[in-house]
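Visitor: Residue strings, one per chain:
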Amino acid sequence: MSDTATIIARATELFEDLHFGAAREWKAAAPGRKVVGYMPIYVPRELIHAAGMLPLGIVGGGDQLEVIHGDAYYQSYICRIPRSTIELGVSGRLDFVDAMLFPSICDVIRNLSGMWKLMFPHVYSRYFDVPQNYRDEIGGNYYVNELAELRHDLGTLRGAPITDAALSQSIATYNENRHLVGELYSYRVAQPWQVPAADVYLLMRAGLVLPVEQHSDMLRDYLAAARARERPRRDNCRIVLTGVFCEQPPLNLIKSLELSGCYVVDDDLLLVTRWLTTDVPTDGDPLRNLALAFLHHSESTAAKYEPDQKEKGQHLVRAVRRTKAEGVIFASPSFCDPALLDRPMLQHVLSDAGIPYVAFKYAENSGQMQPIREQAGTFADSIKLWSGQ
Amino acid sequence: MNATTAAPKTPVKDVEKDASMQKQKAMMAAHYDRLTDAPQTGAKVCSTFVPGNLNELIGCFDLLNNLPEVNAIQNGLRRTSGQFVLEAEKIGHSEDVCTYVKSDIGMMAKGNLAPNGRKFPNPDVLLLSYTGCFTFMKWFELLREQYKCETIMLHTPYMGDGKVTPNMLEYMVKQLKEEVIPKLERVSGVKFDIDRLRERLKKSAQAEDDLVYVLKSARNRPSPIDAYFGGIYYIGPIFGAFRGTEDAVEYYKFLRAEIDARLAAGMGPVTPEGDMGKEKYRLVVEGPPNYTNFRQFWKMFYDEGAVVVASSYTKVGGVYDFGFRHDADRPLETLAEYCLGVYTNRNLPMRIDMLTNYLEEYAADGLLINSIKSCNSFSAGQLLMMREVEKRTGKPAAFIESDLVDPRYFSAANIKNRLESYFQMIEQRRAGARSAA
Chain A
362 MSDTATIIAR ATELFEDLHF GAAREWKAAA PGRKVVGYMP IYVPRELIHA
412 AGMLPLGIVG GGDQLEVIHG DAYYQSYICR IPRSTIELGV SGRLDFVDAM
462 LFPSICDVIR NLSGMWKLMF PHVYSRYFDV PQNYRDEIGG NYYVNELAEL
512 RHDLGTLRGA PITDAALSQS IATYNENRHL VGELYSYRVA QPWQVPAADV
562 YLLMRAGLVL PVEQHSDMLR DYLAAARARE RPRRDNCRIV LTGVFCEQPP
612 LNLIKSLELS GCYVVDDDLL LVTRWLTTDV PTDGDPLRNL ALAFLHHSES
662 TAAKYEPDQK EKGQHLVRAV RRTKAEGVIF ASPSFCDPAL LDRPMLQHVL
712 SDAGIPYVAF KYAENSGQMQ PIREQAGTFA DSIKLWSGQ
Chain B
345 MNATTAAPKT PVKDVEKDAS MQKQKAMMAA HYDRLTDAPQ TGAKVCSTFV
395 PGNLNELIGC FDLLNNLPEV NAIQNGLRRT SGQFVLEAEK IGHSEDVCTY
445 VKSDIGMMAK GNLAPNGRKF PNPDVLLLSY TGCFTFMKWF ELLREQYKCE
495 TIMLHTPYMG DGKVTPNMLE YMVKQLKEEV IPKLERVSGV KFDIDRLRER
545 LKKSAQAEDD LVYVLKSARN RPSPIDAYFG GIYYIGPIFG AFRGTEDAVE
595 YYKFLRAEID ARLAAGMGPV TPEGDMGKEK YRLVVEGPPN YTNFRQFWKM
645 FYDEGAVVVA SSYTKVGGVY DFGFRHDADR PLETLAEYCL GVYTNRNLPM
695 RIDMLTNYLE EYAADGLLIN SIKSCNSFSA GQLLMMREVE KRTGKPAAFI
745 ESDLVDPRYF SAANIKNRLE SYFQMIEQRR AGARSAA
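Residue numbers (the working numbering), protein chains in the order written: chain A, 362 to 750; chain B, 345 to 781.
Because the hints were derived from the structure by calculation, they are not lab data. Note that the structure is a prediction, hence the values are computed from the model and not measured. Hints are supplied without guarantee of correctness; some may be wrong.
What the hints assert, rightly or not - In silico contact screen, one side only, chain B against chain A (beta carbon under 10 Å); selected entries:
1) Pro501
2) Lys518
3) Met611
4) Leu692
As the list claims (entries may be wrong) - Below, computed lysine-lysine pairings styled on DSS-like, alpha-carbon distance capped at 30 Å:
5) A:Lys671 / B:Lys760
6) B:Lys454 / A:Lys673
7) B:Lys643 / A:Lys673
We put the CB at the ideal spot given by N, CA and C, even for glycine.
Let the sequences and hints guide you as you build the complete structure.
Guide: Here it is in structure tokens:
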């Protein structure tokens with residue numbers, strides 16, 4: 362059995378590899394293999410997997426990528442993730458990717474889907490729309506048909522249709538992966554000192570580039586290794602981190618939160634790894650099963666319309682209660698419409714629930730962590746000193 | 345960035361307007377009076393957005409339409425939006441997000457006064473037509489938090505692949521049938537009458553015919569209209585509260601006659617300082633205008649003899665010049681197709697095709713992009729659009745930046761400088777072409 366350090370070293374290696382060597386190796390290992398890139402926030406990876414393809418999460422370039430070309434495509438007031446993604450594209454780092462999916466998350470990613478069509482005409486690219494109506498016979502039917510279109514297109518891309526049986530098998534594989542992700546998150550809730558936030562993040566990032574089976578093995582190994590070794594417990598407060606669902610914070614930012622006295626006990630980082638909150642049935646019509654899971658058992662986030670005003674922001678209150686968190690940190694990428702427009706409403710809900718919060722912005726290439734440490738540290742101190750008074 | 349937010353110190357000079365502009369102004373004023381009279385008249389109010397607005401349907405339920413973007417524009421033109429934006433930022437809204445939203449939120453916080461100086465009524469229903477702009481969804485969630493009234497979501501799928509699929513259409517019609525109409529019936533207390541809707545759709549199509557005629561008049565030399573600055577007046581009734589009404593039919597008939605008269609007289613567009621002089625440059629403009637310094641911005645064009653012959657902004661509430669008309673024979677399908685086809689719901693390749701087409705059809709000298717800081721729906725991708733259009737047409741393009749209603753992002757000197765350079769570039773191209781010939 363590997364120890365946690367070895368596993369995290371492998372995850373770090375994957376995280377730092379901006380040429381996606383692991384995905385390239387997977388593709389080269391057998392003729393005809395194809396890789397499908399996808400951006401935040403959610404795509405049904407089961408469909409890609411059922412096509413025998415590798416789903417590859419593209420979440421920008423982080424703080425190690427020098428953006429040279431990408432800035433020429435965007436004005437200064439647009440967030441960083443599209444420009445670094447374009448940089449990845451024009452610099453050839455994604456030249457092995459056969460298809461790109463751009464989920465419905467915001468206008469910037471939406472428009473990037475059209476840019477990709479123009480800039481990389483040989484790559485199948487699709488804006489992946491999802492319903493904002495959650496009635497089975499309205500939004501559900503629409504989504505089933507959208508999934509069917511994607512299934513058809515992926516089938517065409519590989520030269521053979523995707524069968525129901527293959528899709529149901531892939532659903533089972535991802536159910537298992539989500540169980541393991543859930544187990545890791547639950548373990549962190551129970552003993553956050555045992556599972557540093559940076560470890561959880563790197564493990565989730567590995568899930569974006571590895572075949573799901575390998576990722577599940579990695580999670581199993583990590584859980585076993587983490588349980589086998591006691592780590593020192595710090596006098597940290599417990600916080601929920603939110604707003605980080607698209608452009609990624611630098612790894613240093615995540616580390617800085619813990620160093621400044623906050624255990625992250627829940628977050629909305631890389632939601633695709635746990636977007637569906639219950640098992641998707643493996644019998645019956647697999648497309649309908651995926652659709653109904655999306656409608657009724659998926660995460661709440663700013664990119665989704667909340668039809669019930671009373672429910673608005675309650676997912677965050679529930680996350681705080683469930684994880685016994687003492688506060689919420691809103692970390693939003695600069696110029697992120699979904700996160701920043703949602704923030705005031707969520708803050709009102711937290712205020713009504715008596716939950717303290719703090720807010721700041723970042724970019725994926727933010728270098729200075731001192732102001733964030735100071736804010737998070739002060740927040741942690743205030744919770745410890747005055748919470749409950 | 346220009347940090348000036350104060351109102352101008354000198355009194356604003358009277359603006360010269362065509363009779364149609366006066367008529368349009370009177371229509372808008374009457375509509376604001378109807379809205380602010382609602383508590384007395386008992387009329388019910390439906391807040392909704394310009395792109396994908398269902399005015400014909402709203403009218404079938406005797407609801408008054410209130411458009412938050414139009415209110416923000418009015419505040420921009422009156423130079424009150426700056427203080428409203430600051431107010432919204434003071435109460436926790438990020439400096440990074442849409443200033444339409446912040447102007448609206450700030451206006452509510454400061455008394456929610458309509459342009460006639462009287463208080464807006466609270467809406468009875470928020471009809472969230474989620475068409476072509478992600479921010480709309482958050483905006484109405486914010487309004488719902490404030491007003492706590494019935495909110496209806498109509499989700500318009502994005503034309504990501506440049507086409508309307510049967511699945512998209514069916515989804516929208518189902519939403520109209522099973523969500524939108526029953527809820528509007530409940531709020532209004534009025535039963536839906538499809539024949540009433542058909543009548544309104546017929547009127548929409550009539551007005552749309554005349555609007556297209558007016559917009560296409562810019563193919564003439566000189567163009568009798570400015571299709572951006574003047575175009576904003578022309579689209580007001582049909583993008584606002586009047587599509588599907590007799591008022592709109594009359595207005596567009598009147599406007600068409602006025603434009604015919606200008607054409608017959610060989611006149612160019614009217615500007616705030618009277619008839620424009622010699623037409624020197626013909627431009628296509630992409631993106632919304634700045635409203636806080638609207639006249640100053642326009643003046644930079646007409647002072648140089650530049651006329652905008654086609655613009656994408658005048659398609660944001662409906663694209664009619666490629667043949668779409670509301671169709672009374674397919675009442676719900678046509679509403680869905682209208683929503684799906686608005687400019688910002690079209691993918692980037694479609695938008696580039698449209699602009700390229702305008703440059704050719706209107707024999708324009710080039711493309712100008714006014715990139716709006718707070719509108720990602722328009723702005724994200726515009727630099728690529730500019731390059732593509734240049735590549736396809738061989739005509740020069742230029743890029744300026746401002747904001748819709750935030751005066752902090754209007755830098756007159758920078759914009760003027762860029763425009764002057766751009767006009768020089770067009771001159772050089774012309775000189776080059778002449779010498780080559």
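Visitor: Tell me the numbers of any earlier hints that the structure contravenes, in ascending order.
Guide: 3, 5 and 7
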